[in-house]
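Fit chain D to the supplied structure of chain C, relying on the hints for placement.
Chain by chain, the residues:
2 protein chains.
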Amino acid sequence: MKSVETMIAEALAAGQTTLSEYDSKKILAEYGIPTTEDLLIDELAAAEQAAEQIGYPVVLKVCAAAAQHKTEQNLIELGIGNAVELKKAYDRLAPKARNLGGAILVQEMIRGSRELVAGLNRDAQFGPCVMFGLGGIFTEALGDVVFRVAPLSREDAREMTTDIKGAKILGGLRGLEPVHIDELSNCLQQLGQIAIDHPAVCEIDINPLIVRKGHPVAVDALIVLQEPQPPATTEKAVTGNLTKFFEPQSVAVIGASGTPHKAGNDVIQNILANEFEGRLYLVNPKGGEILGHRVYPSIQDLPEDIDQAIIILPARATPQAIRDCAARGAKTVVLAAGGFAEVDQQGEELQQATIQAIQDTGVRAIGPNTSGHTSTPHKFTSTFFPLGKVPRGNVSYIAQTGNFATHTMRYIMTAEHFGVARVLGMGNKLDVEESEVLEYYAQDPETQAIFIYLESFKKPRRFLEVAREVTRVKPVILLKGGATAEGSRAAVAHTAALASDDRIIDGALRQAGVVRIYDYSHLILAAKAISAMPLPQGNRVSLLAPSGAMLVCMTDLCHRRWGLEVPAFEEKTRRYLQDMSPPFIRMRNPVDIWPAATVSGVEFAYREGTEAVLKDANIDAVVMILMITDETGVPPLDFIIELAQRYPEKPLFVAFTGQKNHMDDAKAYLEPRGVPTFPLIEDPFEVLSILARCRQAMER
Amino acid sequence: MKSVETMIAEALAAGQTTLSEYDSKKILAEYGIPTTEDLLIDELAAAEQAAEQIGYPVVLKVCAAAAQHKTEQNLIELGIGNAVELKKAYDRLAPKARNLGGAILVQEMIRGSRELVAGLNRDAQFGPCVMFGLGGIFTEALGDVVFRVAPLSREDAREMTTDIKGAKILGGLRGLEPVHIDELSNCLQQLGQIAIDHPAVCEIDINPLIVRKGHPVAVDALIVLQEPQPPATTEKAVTGNLTKFFEPQSVAVIGASGTPHKAGNDVIQNILANEFEGRLYLVNPKGGEILGHRVYPSIQDLPEDIDQAIIILPARATPQAIRDCAARGAKTVVLAAGGFAEVDQQGEELQQATIQAIQDTGVRAIGPNTSGHTSTPHKFTSTFFPLGKVPRGNVSYIAQTGNFATHTMRYIMTAEHFGVARVLGMGNKLDVEESEVLEYYAQDPETQAIFIYLESFKKPRRFLEVAREVTRVKPVILLKGGATAEGSRAAVAHTAALASDDRIIDGALRQAGVVRIYDYSHLILAAKAISAMPLPQGNRVSLLAPSGAMLVCMTDLCHRRWGLEVPAFEEKTRRYLQDMSPPFIRMRNPVDIWPAATVSGVEFAYREGTEAVLKDANIDAVVMILMITDETGVPPLDFIIELAQRYPEKPLFVAFTGQKNHMDDAKAYLEPRGVPTFPLIEDPFEVLSILARCRQAMER
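Residue numbers (the working numbering), protein chains in the order written: chain C, 5 to 704; chain D, 5 to 704.
The shape of chain C in the complex, shown without the other chains (with noise of 0.2 angstroms):
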């Protein structure tokens, strides 16, 4: 037999940009993918032999490389039973087969209720993806598919079987036999195998791929071919380190301004209100002297050799400045200006001078268009939106926006009670790109947890590797911005229709154990709470509330949205609640604490019924629901902050109901003091859905 590697190269030889049928199911069979027993014919008496080989029912197919989507175009009979059947049948089909300059393909029918999708798809950012699904017309109607990047792990393959909406189809339901799974992931394996093997294979399409007493079969095949590409952009690791953006010990302000407001003069107040403790050094052809620093007319000028230049400089100043910062010894430098390519051609062409530049200095660069960078352990900050001091935290944020180093991190500041560790604005990526900061941030040990916004991967598949790593010990949470619109080229395969940017996305970060996350707030809500809290140890929570309706809604969203358990709790703990309560309530989880607040004042019965509830094997994390009014008491909340501290193990939200006066007072009284709160009762359940998902990756 042929080997794949000449049926592809003869194939493209031969103009072909698809395989046919055979074609396709002969590579398949090769790599171990189970395909069903086809015969390719030229004339009856071979069909009606054919036919008596593999036994009837037969199936007759038009087999052409041309010959796509066969059901629709009527180049099918099923079920054929028997001679004259197959006569008949042969009859209508073989003209058509002789006008595709094809053959006929007799093959054996295949009964089975359940069909699914496989295929694999080129993705422009990620590369090749394999993808899995429900199959039939159930394909289109429901889009009811997953996606992975090649090559799968055993684990990715697995779980892709359990990712889809219907995964209960390959379950043993209705008396069908249970699919088997290690079969099927080595199909999808496989399909990742022959793009990583071949890469003239562009796409494949099984479609479908039945389920016959529990195996899977190919029954219906398309490989699509194209002329090799030349290797994608390598994304191997940048051999430099990103250690003095984020350590300076002498930096150097290009373009600093004596004028208010202005962004060459708030860089420099947001330097001393960090309280920087390198080197500052500042540079404007007008020299004299700035916020009691000299002012040195050129780079030239300075009197040492500087780590970092901050370049607010015009868009068109900017890649002579990175040369005449390169020669003073400047290993990084971060560029403020926008108006590059972001803007118009002239942008572009600057946009062009300014990656010569860094690529002639080898200088690392941040931005252009960035809003900077912080980096609060080391008292520092290149950012010129006037923040002031940026409190110290342990968190991260990379962000290809501005926000986080304006009115985000203002609010952050002003609102939640954290602070940061790093937060780097990608601002145009020319040089400086998210996995490199990601990798920064992953051996970093001031950052114990890594939020990401990203509108676009610069080295989809290098962030995939490295956040793959990271996600073990650290969480990484994303929010992707960018269109939802399904891909809408014409596409020859199911697969490749389907492949769309966010289903493929979707696949990527799981697969890497990145948690992606829809709501902005939650960049900040979750970045609260994990500054605060540990990670829960799994998704079982425990709540307390005054209110049957929140505890009945809460629970309700814990199992329909958020993928909470509400488990029951230890007998211990229920009798102890029980004992504290009026006899009349049957005390379980979630807690109803109103009675016992009304017996015994809400402080006791929220201080014990918390502790109690903390102290259970089956809880994970607990939500407080807190009740302050005048009437039914305001109680001081040292006990809280007692609680949050014997149990370091287990986190504990608040959320109030009540008053307004006393719930702000109260969020400003805890969150100093280490227990984040949230404004409306949904969002504490909100977060540790997040975070019982970060939990599930570092385990994976």
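Hints were generated in silico from the structure; no laboratory data involved.
Please read these numbers as outputs of a predicted model, since none were measured by experiment.
Just so you know, not all the hints are guaranteed correct.
Any copy will do: because identical chains look the same in the list, a pair fits if it lies in one copy or spans two.
Capping the alpha-carbon separation at 27 angstroms, the derived lysine-lysine pairs in DSSO-like fashion look like this [claimed, not checked]:
| no. | residue 1 | residue 2 |
| --- | --- | --- |
| 1 | LYS74 | LYS217 |
| 2 | LYS266 | LYS248 |
| 3 | LYS6 | LYS91 |
| 4 | LYS619 | LYS671 |
| 5 | LYS664 | LYS383 |
| 6 | LYS576 | LYS172 |
| 7 | LYS172 | LYS74 |
| 8 | LYS74 | LYS92 |
| 9 | LYS664 | LYS266 |
| 10 | LYS433 | LYS91 |
Frame of chain C, contents of chain D only:
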């Protein structure tokens, strides 16, 4: 042919709990539901003749009342192509048929790749409900089914065909003929009609309902019978009305107390704080004076007959108090005591005595175990949680929880700057129940929108009947508290197995135009929104924010989660926005206001931008995400109030980014002046999504 009536009667007389497939289909056919061509035979020769008549290929099935789940039990032979195969199949199945006391069904073989399911179930709450969804194994694997309460309108039935997630399957995908929706809708309507005509029909399953060339055909069917039940307790409208509750002229507090912080004292304080203008009488055996009001020792001593009594006595004293009040002319009583059936056996007995007292006297009663009701247009409340003066507004609540008389109302009063018209805490619902209150609110000119929290429906069908009308003129928004657990009883029919409480409530509410929500907080936020702003005319929104990242994320969620469109502007709007912005930024919907704000100031940019957008004919509602920081400027906010007044037909909502103190100030300034603000930037969209659904319900 026997009438349907006779067939059912004979089957019941014979002790059958199910009808055979053959008989079931006969009944379906009588109602115009297309079925396969079936012939019932009991010997081989007849089978051969039947097969000839129907035309090969045929299907052979065992047909008996006890033959269910034929596929699983191997009681079926598909695709029989000739007499030889027929004999083989007959020989296998005939003994099985005999064992089950049945015969053999010869059936045409239906080819069709789309299997649907339709059915009927009698729900304990809502009575007969029709089901529709994806059939075959997908019924169990995906549970993609919807329910509607019978009888179904043509529109109800059509909506079912579009409400399933896999609705695309009914279209013309992959060369298949689109399903004739009229025929399908008719099947669904007729299923409901069967149940209405025949109380003995307990369940119907049509699974599969196969689509042949666009036409639905019942391929297998099962009718489950029951002894006809006595008709459910009638759910007629109660003849009395609730006016005396909401507009009393004279009120007595039975159990008035002079002790502060006791319910019998707080209720008096509340009535006085709300400046009740009717006559207030206090009753307590101790006599004397409370808060300047004379206390009568007994109800008998009251100087005049009363409209309403608020009975704040222990449970055991309540039945007699009802009789005493009725004797003094009271038409309405509010029963505050807890400790009835919700507690124990003794309470259950007291509850019966209370019901007896209500029935004997003909008074109307709220509660017991209610936290009271409030009627701000009449400056009246029976609430005994010390709320003080409740602000008047245009939304009304029906709450099966005390929260809206206690801590949640306190939250609304102190935090959310809106008022209420009527609030009623349902308590144990011994007499007054939600459908009657809904009816009162429906015709209440003070009530513009109705929010409901319910854990159970006392008169489910009556509730739907009332809701169906009121939702055409007023928004009705409902949160159903209660378990999500799927029905767990062992069911013969698929329909019953899929008939979870939740799915049926979903369908019933949708049918009635009630907008179902799941977030407790939305009971507050949506009420705030609707208090101040009109409903949007449709679902087309615009948003303005100082951040591309926010715009991208919110637009994504508009499509992905909220069912909102973010359409293109009219050209004149686009041009206007472009003219006010720097040329390098391409203006469109959503609106990036940052460039204009940095050039022309925050106030100018937001004011001009928002007005342009409010004018746009393509836009139904506008969300402004307002940036306020010291550095970018803290604009005077009058322009927002002015815009809201100038464009009163379009909702304008505000969220913030930036500095917490300014955000708090802005909320405190804007909300009392009629512009709602929201804590997180996602919240205004969550609310708009609810309001757009209200509009849709109104226009159905």
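Quick one: LYS74 to LYS217, C-alpha cut-off 27 angstroms, is that within a copy, between copies, both, or neither? Both ways: LYS74 and LYS217 sit 25 angstroms apart in one copy and 18 angstroms across, limit 27 angstroms.
Up to 27 angstroms between alpha-carbons, please classify LYS266 paired with LYS248: within, between, both or neither. Within one copy, since 26 angstroms is at most 27 angstroms while 68 angstroms is not.
Checking LYS664 and LYS266: alpha-carbon separation at most 27 angstroms within a copy, between copies, both or neither? between (39 angstroms within a copy, 24 angstroms between copies)
Within, between, both or neither: how does the pair LYS172, LYS74 come out at a Cα-Cα threshold of 27 angstroms? between (29 angstroms within a copy, 21 angstroms between copies)
Within, between, both or neither: LYS576, LYS172 at alpha-carbon 27 angstroms: Intra 37 angstroms, inter 52 angstroms, cutoff 27 angstroms: neither.
Status of LYS92 relative to LYS74 across identical chains (alpha carbons, at most 27 angstroms): within (18 angstroms within a copy, 33 angstroms between copies)
From the Cα coordinates, with 27 angstroms as the cut-off, is the pair LYS6 and LYS91 best called within, between, both, or neither? Cα proximity of LYS6 and LYS91: none, with 31 angstroms in one copy and 47 angstroms across.
How do LYS619 and LYS671 come out at 27 angstroms by Cα distance, when the copy is not named: within, between, both, or neither? within (24 angstroms within a copy, 40 angstroms between copies)
Same-copy or cross-copy closeness of LYS433 to LYS91 [CA-CA at most 27 angstroms]: neither (65 angstroms within a copy, 75 angstroms between copies)
Could you place LYS664 and LYS383 in one of the four classes (within, between, both, neither) given a Cα distance threshold of 27 angstroms? Between. Shortest inter-copy distance 24 angstroms satisfies the 27 angstroms Cα cut-off; intra-copy 36 angstroms does not.
Of the numbered hints stated above, those contradicted by the structure are hints 3, 6 and 10, listed in ascending order.
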